[in-house]
Amino acid sequence: MKSAITTTGINFLKEKARDLRIEILKMLTEAGSGHTGGSLSAADIVTALYFYKMRHKPEDPKWGERDRFILSKGHAAPLLYAVLALSGYFDKPLLKTLRKLGSPLQGHPCSKMLPGVEVSTGSLGQGLSIANGIALGLKLDRLNSRVYCLLGDGEIQEGQVWEAAMTASHYRLDNVCAIIDNNGLQIDGQCCDVMSIEPIVDKWKAFGWHAIDIDGHDMEAILEAFDEAETVKLKPTMIIARTVKGKGISFFEGKVQYHGIAPTREELKKALKELQDSGK
Amino acid sequence: MGSRGQKSEDRSQKSNFPSPPFTKGGQGGIKIATRDAYGEALLELGKRRADVVVLDADLSGSTKTGKFAKAFPERFYNVGVSEQDLIGTASGFSLAGKLPFASTFAVFETGRAWEQIRQTVCYSNLNVKLIATHGGITVGEDGASHQAMEDIALMRVLPNMTVVVPSDAHETRQVVSAISDHYGPVYVRLGRAKVPAVMPDDYEFKIGKAYVFHMGKDVNIVAIGIMVSTSLEVARILKHDGIYAGVINMSTVKPLDTEVLLEASKKCKLIVTAEEHSIIGGLGSAVSEVLSENYPIKVRRIGIMDSFGCSGTPEELLKLYGLTPESIVKIIKEAL
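These protein sequence lines map, in sequence, to chains A and B. If you read the first sequence in my numbering, its first letter stands for residue 1, the second for the next number, and so on. If you read the second sequence in my numbering, its first letter stands for residue 281, the second for the next number, and so on.
Treat the hints as calculated values from the structure; they're not laboratory data. The reader is advised that the hints may include incorrect statements.
Some chain B residues close to chain A (C-beta under 7 Å, calculated; not the full set) [as the list claims (entries may be wrong)]: (1) N358; (2) V359; (3) G368; (4) F373; (5) Q399; (6) Y403.
Glycine residues also receive a C-beta, built at the ideal position from the N, C-alpha and C atoms.
Construct all of the structure, not just a fragment, from the sequences and the given hints.
As structure tokens, then:
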């Protein structure tokens, strides 16, 4: 399937993803701590959701017919905050308060403090169950809204994910579209060394899901996958997005040590230059 | 439960002491398990409110949510044997504007899914009603693996959580109605065994309001669940011996009715807590916390003494773990 979007549209989204990465790096440096690698790896996917796929109203975050986004991998909070700010949920200067006392931008997302955050996350493995519950509620109300849920690849080692995998397929939740940010790394090392998760695609298929395997940095492939998911009936869809941890910054890419470490001022300077050059 | 409850009825008939508060209980003296009352109340609530959805984890026959399931299959969701997913899915329903009731056994609901309740339900302050059955030792024959002794402690420690333990069928019905009008997480602990009616027919449950059967000038017993009827029996026995014991049903363990507790403490020499739960972290702890800071008075906690349960009939177990009127009377007499 070909996405209906034009080259200009794709370029616009690529620009947005670059802006997102810039904001992520700036806010993490300002905070002095936080999760860099996994925020950067999912930046293209989240850009596609907020600026292409999802129906949402930043001026009315609780709009009843909105599509929902659940950040199950809550440690990618900087990514969520960046996309919410760039979408207009709140003003960009607020990003500088990340992880600071009194800020609504908590270390992990808190729905009670920041409009646009659907539910508080941060403890892994819980988002998909929540997404299912919302999806069931939407179906009960005969609403066509869809629920998107972003998981980490290390996160699927949590047993609850597979409980939820069964629930989604048992209840035929075709309004659920989940995405695994498969960057291959987790805190203690490579997923394949810590606890094997492959074959991911086969696992989801075996659990009754429609599975789509894509390059998670190929914007066109991402859009096509989201469009395809919307056409699937009576089954939930899992997009396995093959990504690179720290994507976009050469010296962060594929480095496990940047899972939970913020850039230094020096690294930020170099990183921003790289991003700016890539946009030329 | 059967023989013990029967005995107490016999005793009240033989007693020379007229005790009107004890005889006000409704349902014509028929014993009903709180879980059965829940099943009926849920069905009624389902008729009244279209936003109610019910979730269960493969125990709908035992938790009695099956009645709702039969009447409203489109609003009932079985998630299978997966308690963590049960809590997460219920949370999602709350986020979609529904009023979810999630039920399973107390051990699994509060233990297996504790962190889901903490992170998702309480931290996000969602309108999820956690109604667990099979609380306490009177689960009986299934043994320690299925007897929740720690659930109140586990739920009480969570911010935003309300904790309720109804004493009989009438109160359970009232609780289901009251919590459905209250926004926020609520944990309700119900029992498996049939229990006698203790609350008056005109009783109306309010979250955070204790019910005072009467105040005692020697001792006041603060009880929850099945221990309310046991405490009424204790008071009856003590009265015979010239000791005036009051009984308070503290059905909301959180937020605790500190006003009634302090008033009762100021009127007597000893406060006794009675619960079918570990003496660590439950009602006994909640009461001690308030009294030690506000009105230090002698306290005795009746409950499970930091141990696991075992198999046996409910009445055998109540006796083994010292939760009988006779055992409590002895403790009170020693303390006074």
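Okay, the hints, checked on the actual structure:
The beta carbon of N358(B) is not positioned within 7 Å of any beta carbon in chain A (closest approach about 9 Å), and the interface hint is therefore violated. Hint status for V359(B) relative to chain A: holds, with the closest Cβ pair at about 5 Å, below 7 Å. Because the closest C-beta pair between G368(B) and chain A is about 2 Å apart, less than 7 Å, the hint holds. Here the hint on F373(B) is kept, as its CB sits about 5 Å from the closest CB of chain A, short of 7 Å.
Using the Cβ-Cβ criterion of 7 Å, the hint placing Q399(B) at the interface with chain A is satisfied: the shortest such distance is roughly 4 Å. Given hint, Y403(B) at the interface with chain A, holds; its Cβ is 5 Å from that chain's nearest Cβ, closer than 7 Å.
Checked against the numbered hints above, the structure breaks only hint 1 and satisfies the rest.
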